[in-house]
Structure formats: C-alpha cells, structure tokens
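Here is what each chain is made of, one letter per residue.
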Amino acid sequence: MTYFDYSNAAYPIRGDIADAYRAYWRKLAAPGSWWNGAQRIAIAQESRNALACTFCAQRKVSLSPYGLKGEHDHSNGLPEVAVDTVHRIITDQSRITQSYVNDNAALGMSVEAYVELVGVVVAVFSIDEFHRSLGMPVELLPQPEPGEPSGYRPAVLSDDTGFVPMIPADGAVGNESDLWSPDFCANVLRALTLVPDAMREWRDLADVQYLSFTGMQNFFQDEARSINRMQMELVAGRVSSVNECFY
Amino acid sequence: MLRASAKINETDIDIQGVGGDVSSASQGIEFGSQLMRFAESVANRDSQALGASRQALLDVAGPLVLVDAAGVAANFQRMVRIADSMGIPYDNPDSSLGQQVRDELNLTAFASARHTLKP
Chain A
1 MTYFDYSNAA YPIRGDIADA YRAYWRKLAA PGSWWNGAQR IAIAQESRNA
51 LACTFCAQRK VSLSPYGLKG EHDHSNGLPE VAVDTVHRII TDQSRITQSY
101 VNDNAALGMS VEAYVELVGV VVAVFSIDEF HRSLGMPVEL LPQPEPGEPS
151 GYRPAVLSDD TGFVPMIPAD GAVGNESDLW SPDFCANVLR ALTLVPDAMR
201 EWRDLADVQY LSFTGMQNFF QDEARSINRM QMELVAGRVS SVNECFY
Chain B
1 MLRASAKINE TDIDIQGVGG DVSSASQGIE FGSQLMRFAE SVANRDSQAL
51 GASRQALLDV AGPLVLVDAA GVAANFQRMV RIADSMGIPY DNPDSSLGQQ
101 VRDELNLTAF ASARHTLKP
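Sequence order for the protein chains is A and B. Going by this note's numbering, the first sequence opens with residue 1, and the numbers climb by one from there. Going by this note's numbering, the second sequence opens with residue 1, and the numbers climb by one from there.
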C-alpha cells in the first residue's frame with residue numbers, strides 16, 4: 001500500500017512532505033529502542049483515541065489534573081500507565097510534572113520508554129494535525145514489523161534539564177554526532193535525546209513542516225516555502241499561545 | 001522568534017497578534033490576520049472555525065500558502081507537546097528580548113512557565 005498519496009488531494013502538497021511522512025510511517029512500524037512495532041502502532045492509535053476520550057475532556061477542565069479518577073476510552077495493546085500518558089500528552093500536556101514522570105517509572109514505564117512514547121505521540125499527532133488542518137482524513141496506520149526493541153541508550157547524558165536525562169549540548173558525539181552541530185543546540189533539540197531516534201524522527205518531520213536546522217538560521221524567506229519567516233513565526237506563535245506553551 | 005525575525009527584516013509588527021488580536025496580526029505581515037486565525041483554529045481544534053479560517057486563508061493567499069501554513073501549525077502542535085512533556089526551560093530566560101515578549105503577552109500566566117521561572 002502506498003501511504004500519503006496526495007495525487008488527488010484538494011491542495012498541492014509538496015512532494016517532500018509526502019516523502020517524509022512515508023519515511024516516518026516506515027519507522028513507526030518498526031521496533032524502536034524501548035517499544036516494539038506493535039506497541040508503537042498501539043501508541044499511535046491511542047493518540048487518536050485521546051481526541052475523543054470522555055475522561056480526558058472531564059480532566060481537562062478539572063482544577064487538579066491528577067485528582068480525578070476514571071477510565072480512558074482506549075484500544076487494547078498498551079498498559080494502563082502508557083494509555084494515560086498518551087492521552088495526557090495530547091489533551092493536557094501543560095500540566096505534566098516531574099512527579100508524574102517519576103510515578104510512571106515506579107509503575108513500570110521507564111523514563112526511556114516514556115521518551116520514546118512521547119516521540120511517537122507527537123510525531124503521529126503532528127502528521128494527523130496536518131491532515132486535519134487541510135480537511136483531509138487521517139492516514140491509515142501501518143502494519144507493525146516484527147522484532148524486538150534495541151534498548152539503545154546514549155553514552156553521554158546529563159540530568160540538569162527537564163524531567164528526564166538528555167544529551168548535553170556538547171554531547172552530540174560518537175553515534176550521536178549527527179544530532180546537531182556544535183554551535184546550534186537549544187533545549188528543545190535535546191529534549192528527546194535519551195532516545196536519539198525519537199529526536200531524529202521529529203527533526204525529519206520539522207524539516208518539511210517548518211524548517212531544517214540550517215533553514216532556521218534564515219530569517220527572511222526560504223526558497224522552498226510560500227510563506228516568509230515572519231508569517232511562519234506568527235503561525236507558530238499563535239499555536240504555541242493557544243496551547244499555553246511558555247517555551 | 002517573530003520579534004527576532006521582524007527585527008532582522010526591519011519590519012514593524014505588533015506581537016499581540018500572537019495573542020489573538022486580529023488587527024495586530026495584520027501589522028507588517030502579509031495575510032497576517034488570516035494566518036493567525038487559521039493557526040488559532042488548528043490549535044483550538046474547532047472544526048467549524050477551522051473550515052472558515054481555512055477558506056478565508058485560501059481566498060486571500062492561495063493553496064500554496066495554505067499548505068505551508070498547515071505544515072507550520074502541525075509542526076508546533078508537536079513542539080509544544082515535546083517542550084511540556086519534557087519540562088524543559090526556556091534557553092535564555094534573562095535575555096531582554098525574551099523578557100519583553102514574556103511581559104507583553106503575559107506568558108508567565110501559563111502553567112508551563114514553572115519549568116523556567118522556578119521559585
């Protein structure tokens with residue numbers, strides 16, 4: 001099956017977008033670092049379930065995001081702690097805390113698994129959002145590939161930023177030397193680097209949805225885009241503001 | 001980044017467009033009000049508003065602009081969730097530009113400000 005075939009789409013969608021989405025779908029279906037292919041697809045499906053979850057809607061308007069008890073509208077294939085995490089990332093992400101991440105680890109979902117789960121959720125969600133914003137149905141999820149997760153963990157990590165260990169700004173070396181250049185690193189680039197492939201996956205999507213790391217240095221007009229940098233940043237800023245994102 | 005790009009482009013913009021003010025969004029930015037409304041309706045997940053804002057942007061700017069704007073909006077639907085799920089602080093909280101934008105848009109009211117502005 002050919003995924004992301006935009007030949008009959010209502011709008012002229014760039015070929016590099018379709019290519020990047022197809023490439024991500026292949027990675028999504030394959031075993032990751034801490035979840036197998038079937039689990040990664042289940043995480044992706046759960047990111048879609050969250051949008052229609054009655055309990056999430058109730059919790060979103062609750063004063064305390066951790067006091068309300070209930071059951072999510074969910075599919076099978078993931079432990080309860082993972083279901084709750086996926087739903088929270090989609091519907092109430094600004095109230096995730098260090099304690100929540102720590103408690104999840106105590107319940108059996110390691111910080112490494114948490115980071116990979118976040119990576120899958122946000123990648124699939126952003127692709128789905130692209131479709132929804134253009135009035136198109138979401139893409140059929142791929143069939144999982146067999147195999148076991150690699151268990152890969154970077155050699156150089158630090159605990160000085162955020163909820164989980166991350167590769168330090170000067171730590172993109174060895175197997176991770178492709179992640180960023182020595183003179184270009186922000187916290188958001190480091191955020192998912194406990195699972196380097198999670199960072200690589202969102203970077204490849206950002207290249208086509210927004211700008212490449214190199215392109216981010218250009219504050220005028222990227223030749224491959226129809227909107228200039230100010231127009232991009234207005235869109236980015238409004239989306240971030242509605243989501244109440246301080247970063 | 002909007003303020004920085006406007007400064008480099010030597011263009012007067014009104015940062016309140018990020019906060020949802022239509023006339024501010026238009027200042028110095030072509031199709032600014034339509035782009036802002038489109039981004040807002042994507043993030044709010046309001047299907048009725050999204051349909052209307054998509055058509056409005058299409059009417060004034062054309063399909064190429066619409067598709068690229070959809071890409072940016074989708075990208076930042078992802079990025080805000082990465083930042084908040086990982087609890088990362090803003091990189092340069094003491095920069096004058098950052099403080100100015102923070103004050104003008106009242107960003108400290110956001111729950112996720114706690115990752116940067118720790119007591």
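Hint data in this document are derived by calculation from the structure and do not stem from the laboratory. In this text, all values refer to a predicted model and were calculated from it rather than measured experimentally. Warning: the hint list may mix true and false statements.
Said to hold, decoys possible - Covered stretches of chain A, as calculated for chain B (at least 3 residues, CB under 8 Å):
1) 119-132
2) 187-197
Said to hold, decoys possible - Calculated cross-link-like contacts (lysine to any residue; reagent style SDA-like; alpha-carbon spacing at most 20 Å):
3) A/Lys-60 with B/Asp-46
4) B/Lys-7 with A/Met-216
5) B/Lys-7 with A/Gln-221
6) A/Lys-27 with A/Ser-150
7) B/Lys-7 with A/Phe-220
8) A/Lys-60 with A/Lys-27
9) A/Lys-27 with A/Asn-228
10) B/Lys-7 with B/Leu-105
11) B/Lys-7 with A/Asn-228
12) B/Lys-7 with A/Phe-219
13) B/Lys-7 with A/Gln-217
14) A/Lys-69 with A/Leu-107
15) B/Lys-7 with A/Glu-176
16) A/Lys-60 with B/Arg-114
17) A/Lys-60 with B/Ala-111
18) A/Lys-60 with B/Gln-16
Stated by the list, open to error - Which chain B residues face chain A? A few, computed with CB under 8 Å, are given here:
19) Leu-2
20) Thr-11
21) Leu-35
C-beta atoms are modelled at their ideal positions from N, C-alpha and C, and glycine is treated no differently.
- Does the alpha-carbon distance linking A/Lys-60 and B/Gln-16 stay inside the 20 Å limit? violated (26 Å)
- Query: Taken at face value, is the distance from the CA of A/Met-216 to the CA of B/Lys-7 at most 20 Å?
  - Reply: holds (15 Å)
- Message: So if I understand the rule, the pair passes when the alpha-carbon distance is 20 Å or less; does B/Lys-7 with A/Gln-221 pass?
- Response: The hint holds at about 14 Å.
- Message: Check whether the Cα positions of A/Lys-69 and A/Leu-107 lie no farther apart than 20 Å.
- Response: holds (17 Å)
- Message: Tell me if the straight-line CA distance from A/Lys-60 to A/Lys-27 falls inside 20 Å.
- Response: violated (31 Å)
- Supplied contact hint for B/Leu-35, tested at 8 Å Cβ to chain A: Hint holds; B/Leu-35 Cβ to chain A Cβ min 5 Å, cut 8 Å.
- Query: Measuring from the C-beta of B/Thr-11 to each C-beta in chain A, is the shortest one below 8 Å?
  - Reply: holds (7 Å)
- Quickly compare the C-alpha distance for B/Lys-7 and A/Gln-217 to 20 Å and report which way the hint goes. Satisfied, since the Cα-Cα distance of roughly 14 Å is no more than 20 Å.
- Sort out whether A/Asn-228 lies within 20 Å of A/Lys-27, counting only the CA atoms. violated (31 Å)
- Is the Cα-Cα distance between A/Lys-27 and A/Ser-150 20 Å or less? holds (13 Å)
- Quickly compare the C-alpha distance for B/Lys-7 and A/Phe-219 to 20 Å and report which way the hint goes. holds (9 Å)
- Message: Run the distance test for A/Lys-60 versus B/Ala-111: straight-line Cα separation, threshold 20 Å.
- Response: Holds, at roughly 13 Å.
Consistency with the previously given hints fails for numbers 8, 9, 15, 18, ordered from lowest to highest.
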